[in-house]
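Number of protein chains: 4
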Amino acid sequence: MPKIAVVYHSGYGHTQRMAQAVAEGAGADLLAIDADGNLPEGGWETLAAADAIILGSPTYMGSVSWQFKKFVDASSKPWYTQAWKDKLFAGFTNSASLNGDKSSTLTYMFTLAMQHGGIWVSQGVLPSNSKAAQRNDANYLGSYSGAMAQSPSDAGAAEMAAGDLENARKLGQRVVEVAGKFNR
Amino acid sequence: MPKIAVVYHSGYGHTQRMAQAVAEGAGADLLAIDADGNLPEGGWETLAAADAIILGSPTYMGSVSWQFKKFVDASSKPWYTQAWKDKLFAGFTNSASLNGDKSSTLTYMFTLAMQHGGIWVSQGVLPSNSKAAQRNDANYLGSYSGAMAQSPSDAGAAEMAAGDLENARKLGQRVVEVAGKFNR
Amino acid sequence: MPKIAVVYHSGYGHTQRMAQAVAEGAGADLLAIDADGNLPEGGWETLAAADAIILGSPTYMGSVSWQFKKFVDASSKPWYTQAWKDKLFAGFTNSASLNGDKSSTLTYMFTLAMQHGGIWVSQGVLPSNSKAAQRNDANYLGSYSGAMAQSPSDAGAAEMAAGDLENARKLGQRVVEVAGKFNR
Amino acid sequence: MPKIAVVYHSGYGHTQRMAQAVAEGAGADLLAIDADGNLPEGGWETLAAADAIILGSPTYMGSVSWQFKKFVDASSKPWYTQAWKDKLFAGFTNSASLNGDKSSTLTYMFTLAMQHGGIWVSQGVLPSNSKAAQRNDANYLGSYSGAMAQSPSDAGAAEMAAGDLENARKLGQRVVEVAGKFNR
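Same order as they appear, the protein sequences are chains A, B, C and D.
The numbering used here applies: residue 1 is where the first sequence begins, and numbers increase by one.
The numbering used here applies: residue 1 is where the second sequence begins, and numbers increase by one.
The numbering used here applies: residue 1 is where the third sequence begins, and numbers increase by one.
The numbering used here applies: residue 1 is where the fourth sequence begins, and numbers increase by one.
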């Protein structure tokens with residue numbers, strides 16, 4: 001079985017629920033970045049051993065949270081030796097608006113993966129965008145480069161859209177499937 | 001009164017309705033790029049004389065249509081002498097999905113405006129993103145860098161969301177207001 | 001052997017030289033988009049059969065040329081059935097300036113590959129960026145998401161930097177190697 | 001006279017030199033974000049009073065430093081009331097590679113400015129990109145959306161390219177000129 005790691009920061013619990021859905025789909029280890037931007041003990045070792053790293057962050061002010069970025073800046077150490085080269089990468093994010101620059105966050109995660117010499121896996125689910133589309137459809141938000149969730153500004157993590165979480169689960173599932181076909 | 005030009009391409013009429021709403025808000029001239037990527041006669045002169053240029057295109061396969069890009073490539077002539085320097089710019093786009101990489105289109109329009117030495121004006125309307133938000137609210141889609149509209153894949157131009165068109169009108173209004181305060 | 005296709009547009013021959021270098025590295029078929037934005041006969045079939053598609057375009061006014069975009073817009077047909085899903089993708093571009101928004105072009109190619117349900121392969125060569133760096137080093141330009149070449153505004157295709165072409169060759173080589181490890 | 005504020009983070013002194021050059025060009029106040037991501041005392045008040053805010057950060061791992069992002073996340077307070085609406089914004093960045101994803105950093109700063117309802121000012125200097133171009137020319141790096149500097153990985157802040165600093169000074173000068181024509 002490929003080893004998949006989900007590394008994420010969550011401010012208010014929404015991105016955490018996405019992370020759990022992704023991890024469920026991927027059979028992945030979960031690594032939560034804390035409120036100071038630090039990984040749990042053993043986190044760097046888990047990432048070093050992973051075949052695929054799935055990145056998760058809320059979109060705050062148009063990009064990843066500073067805590068997530070602090071983790072990223074610390075990843076300059078494996079970058080220096082290209083220790084993560086050829087790993088698969090994917091990403092997910094949550095914000096309050098339907099767009100709200102979530103695309104900026106996912107594109108940044110891609111940029112990061114490229115610096116690490118990685119290979120980026122798309123969401124792989126066509127948007128649900130006909131007149132008959134329902135809020136709880138998978139990929140109702142219409143994202144291609146990773147999984148998006150949208151949670152109204154006054155909605156708690158318990159109120160997240162089922163389709164957004166299903167889409168996150170599908171991303172995890174897709175990454176583990178692609179990893180299974182890729183003989184690193 | 002500042003002179004505002006709206007230059008746009010529309011494949012199926014949705015972006016045209018946005019263009020009309022923007023032009024109504026801005027008191028602007030409308031320049032439609034045709035199916036071969038050409039401006040109407042006098043188009044380049046209108047753009048040369050404009051204080052602000054508002055760019056509109058559908059999002060096709062993640063960016064502006066090829067017809068819009070053909071117009072853009074032809075704008076290398078004013079670029080060469082920086083003839084459009086210090087003009088105000090803004091942008092709008094329509095696609096079938098809620099996200100659907102509309103953000104990529106707007107960011108590209110910004111990139112273009114920067115090449116021309118321009119000044120980019122934001123949408124300036126906070127997203128409507130609480131639980132009480134309605135599809136017909138202005139900026140329900142939650143865009144900051146320009147105006148977005150979303151029209152389901154099987155919906156004609158007549159069926160566009162009123163809030164998306166209102167948001168487009170607001171963008172036009174904002175550009176003319178900013179232009180009025182800017183003594184070029 | 002994996003089948004690799006290089007599909008590109010070149011206005012003045014620089015991007016063509018890159019395409020040839022990429023194809024040499026990858027053992028790939030070359031598909032040149034013509035001055036009207038059309039593929040050669042059999043082009044769509046070659047793309048359909050490819051394990052990996054490598055995209056090439058000059059950077060004109062901050063993104064791919066309109067001819068390349070016309071090809072892209074026509075790719076909405078395979079997009080509709082996700083016929084290119086799980087293919088590997090990579091990209092390359094040339095422009096006159098060291099930056100000159102080449103990054104915008106490569107990021108757009110990534111966005112396109114994501115719409116097609118693809119998997120994106122990085123350049124995988126660390127930048128040559130110490131004080132001892134030479135113009136002819138591979139990845140002297142410091143790109144991660146694909147191959148960049150820079151050709152002064154008054155330099156013909158014959159005068160391209162050897163290191164830029166070597167970097168393009170390396171991208172082709174990398175894509176064929178990754179494709180060889182990926183059991184589609 | 002318009003009030004211009006330069007807010008920046010610098011890890012090793014290179015971005016600080018850029019900030020000083022920008023501030024010299026603009027006649028601006030300098031606000032240094034510290035190693036913990038905090039503004040100096042009175043910093044938020046200076047930003048609130050500014051007609052234009054010029055943003056500066058090194059490019060670390062493809063975007064702004066985490067310290068800069070921590071400042072950004074704290075700017076959600078003025079965002080909430082759109083207190084910075086209609087301010088002018090511009091940006092600058094330094095990294096070790098000629099490209100090195102500096103464009104990603106500047107595009108992110110633009111994204112941020114849009115969230116604040118701002119107006120973004122371009123660099124406004126054509127690239128020096130002919131065969132006769134010299135490393136010390138202003139805009140030798142060929143950036144349009146803001147000022148870029150490139151400092152080899154083993155070069156101290158004292159060794160920065162004069163043209164990069166001149167370009168930074170020009171950005172400051174441009175922002176104060178545009179601000180002078182804009183009657184907020």
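Keep in mind the hints are simulated off the structure, nothing from the lab.
Heads up, some of the hints might be wrong.
Which copy is meant is left open, so a pair is good if it fits within one copy or across any two.
Unchecked claim - Mimicking DSSO-like on lysine-lysine, the simulated pairs with C-alpha atoms at most 27 Å apart in a straight line are:
#, residue 1, residue 2
1, Lys-131, Lys-77
2, Lys-131, Lys-181
3, Lys-3, Lys-131
4, Lys-77, Lys-170
Okay, the hints, checked on the actual structure:
no. : hint                : in the structure
1   : Lys-131 <-> Lys-77  : between (48 Å within a copy, 21 Å between copies)
2   : Lys-131 <-> Lys-181 : neither (36 Å within a copy, 41 Å between copies)
3   : Lys-3 <-> Lys-131   : neither (39 Å within a copy, 38 Å between copies)
4   : Lys-77 <-> Lys-170  : between (31 Å within a copy, 24 Å between copies)
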